[in-house]
Amino acid sequence: MSIIFLILPVTLFLSAGAVAAFAWATRSGQFDDLETPGIRLLHDESSGKARPTDQKGEREAG
Amino acid sequence: MSPKGGQQVSAAVEIGTPAPVRVCPPPEPNCAHCGLPVPAARLEPKRETQFCCDGCESVFAILHGAGLTEYYTQRGPSDARNGTPQRSKRKFEELDEPAFRQSRCQPQVGGALSCEFFVEGVHCSACVWLLERLPRVTPAVFEARYDLTRSVLQIVWDPTLAPLSEVARALDSLGYTPHPTYSTTLAAEQRKGDRALLLRLGIAGAAAGNVMLMALALYSGEYAGMAAEYATFFRWGSLAIATPAVFWGGNLFFRGGLASLRTRTPHMDLPVSLGLLAGYLGSAVNTLRGQGEVYFDSLCTLIFLLLVGRYLQRTHQRRSAKASELLNALAPTTARLIEGEALREVPASALRVGDIVEVREGERVTVDGVICNGGSALDTSLLTGESFPEEVSVGDRVHAGTSNLSAPIRVRVESVGSDTRLGRLMHSVETTQRERAPIVRFADRVAGYFVQVIVALAAFTLLVWSRLDASHAIDHTVALLVVTCPCALGMATPLAVSAALRAAARCGVLFKGGEFIEELARPGIIVFDKTGTLTEGRLALVSWSGDEALKPLVRAVEATSGHPIARAFQRSIAGNDLRCEAREEHPGGVRARIAEPGRDARDVLVGSISFVRAILGSLPIWAINLAQAHAAAGRTPVLVAIDGEVSAIAAFADTIRADAASSLKRLAELGFQFEVLSGDDQRVVDAVVAELGVPLLNATGGASPEAKLATISALRAQGQRVFMVGDGVNDAAAMAAANVGVAVHGGAEACLSAADVFTTRPGLETVALAAEGSKRTMRVIRIGIGLSLAYNALGIALAVTGRLDPLWAAVLMPLSSISVVTAALRARTFTQSSTP
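Line by line, the protein sequences give chains D and U.
First residue of the first sequence: 1, per the working numbering; consecutive thereafter.
First residue of the second sequence: 1001, per the working numbering; consecutive thereafter.
Worth flagging that the hints you see were computed from the coordinates, not collected in a lab.
In this text, a Cβ means the ideal position worked out from N, Cα and C, and glycines have one as well.
Simulated restraints on C-beta separations: (1) His-43/D with Glu-1229/U: 58 to 64 Å; (2) Thr-1160/U with Leu-14/D: 48 to 54 Å; (3) Arg-1571/U with Trp-24/D: 55 to 61 Å; (4) Trp-24/D with Ala-1228/U: 36 to 42 Å; (5) His-43/D with Gly-1065/U: 16 to 22 Å; (6) Gly-1671/U with His-43/D: 51 to 57 Å; (7) Val-1455/U with Ser-2/D: 42 to 48 Å; (8) Gly-1588/U with His-43/D: 51 to 57 Å; (9) Trp-24/D with Arg-1467/U: 52 to 58 Å; (10) Phe-31/D with Ala-1790/U: 32 to 38 Å; (11) Gly-17/D with Thr-1801/U: 41 to 47 Å; (12) Trp-24/D with Ala-1707/U: 56 to 62 Å; (13) Thr-1160/U with His-43/D: 28 to 34 Å.
One chain only, chain D, in its complex shape (with noise of 0.2 Å):
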């Protein structure tokens, strides 16, 4: 049973991390529109120039 004094830091440690994962994704705008990256998934990238992954967000987070 004491084990538990060990499995509990490591659960709050996991916790941490997907909160901080959150954290950035809220902040980097990942959650600002969602309904658009839904269509530009289905348009296929057939040619034209290599598009910067997500430039957008990082700007607006500085």
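Position chain U against the provided structure of chain D, taking the given hints into account.
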């Protein structure tokens, strides 16, 4: 967004090329771009692809040239029917002004700039696809990204390769007219607020989940037995997690509670903060002491659920605000400045007094000034509510916001921007809005009493238990405060409101804030504007005395004009393919020569009494009598003379909306009373009121915007609840002064920004829907609050008698929340066809 879509479709029908009468039914080929049937006049039998208009043809050519024909496979079959691309054909020169670049563009790496635009005409995913392929149409653009939620396109381009106006023209030529976003700082601030709340929500949710797990262990320990060291460990763990949740996640409530204390206005945040603080402090002290109860799980769940309510309400409220912001950006902000021989499109702010600007037909005047060249008819309905166009010539004053209908004019600028009559009117809208007392919500009023009762009960519990059993007095008091922390009470309103906002938007009613639902739920006096609100806001042919065979002739004469009377002829009489041989437009009428097949050309005059009389010299008695009878009944007479003889008299009137009478009856059933307040002539108002057949308190004509504002203020001073329903700028100040201002579909931008509620569908049925739905929403809110008070009564009874332990609190709280949430979300509030 639905308001835009609707307008565009109707605009396309109006502006599109007149459908010609087909001599023999041809096969019906569809336009290769938009999919609409191709008019017979544009059919080119030898070609493989057919187009319904020049717009479609040029977009098709651009797409082929840029290798973007995939657009046609990207869109679904139903998307193709969205109509002809609408192009503004503006030059967008104002975008190249250094001032614009400085205020609206952000520098990017490598000398590139980025800029945001609202874009018109995006209706399907293929449009998004095409917009984001803008770099292939205009090589100067590096990147284009569209945000559907905000209807905003972000462009990164190289200013050394092409000016921004060229990029804007490229967008326009594809049928997506760009408009600079209204305020980038405001949007950025809102986004920051959204993100902060979402982050708070996430942290509170994670904390609630983890604390609940530990609480579960503690509860099982209480019943099955648990070694003291484990219990202590779990309590300390809970404390560690609950601390950030309470002080980071919940500081929203503490701030609200403090503000409520400082301003001495009741607010739901006050009892919430009280419960949170007491629960946290009590539990923390008990953790330190190593004995007594802890409520960390209840507190965290509470914060999480309350934040969910807040977040939902904020998102739904934002939707309506966004729609009005978008429309705001569509207001005309540029003018065509004359410099010697040259013309230049400049932002209105760059104009100086004494400058001369040109206003072409179909354009809006951007300044106040005096006409120095040309004469035309002006549509002043935006400013005055007058439905008939005003004839103006050299020396006459024109005002910003009026539309030039028939011929180009040149105007010497006298005042610009906020100094114009329109600007002063908008200023009074702002001040009136600021001075309006904030609405104290029903839930907040309840909260005010709630706090007093709870504090009294807590004092009572503390007092009684310190006599009976001093060691448990604090514990019981904390238990009372925790269990009465009004989670359900605090959630009932935001959830019911957010569900109602969503349902209302589906029915075509956009509320700018939940509090207006509460205001609209209680009946009062509704003051209606006439032009464009009770009526269609455009003229229709209501009477024709004369030979029916003359109609096609008149239609042909009026086919190319933008004058309201001409438009009304175009709408009311079926199209034909007659061509004018000569045609001249004068203030007050049109003179043309026109030949029907197999007949000699005839001289046709169409115009007002004075215009026809001036040319013919005199008029027959019957024509004068008939025309005057029409005028007396509030209709506009138009005379038609063929070869020097009056042969027909048409009468035009602004017809009442088909659903006006039925909607007013529905509102009357809810207990509303009505008044009509119009800038139009009293005779016209009387005619409309008589036709409407609904009892009114008052019907006033000839009211200026200032008089409307005064009337509303006077009514409010008498203690009446006043609602203003209108569509024009002349109603804006009155709307801001009313308890709730409602702008109907198609209203002016200024009016939409002053309104608290606006409808996205034509007609007045939406106003009735809004009132009925608001009433039902308030019932849902009351039920929710009643339920939560019942739970609280139960909790108080348990706590005061000292029987409430944390397990009971943990069961009671989610139970009350779930039942309140279900009641709020399952309720039918705003529905399409319904009886209250």
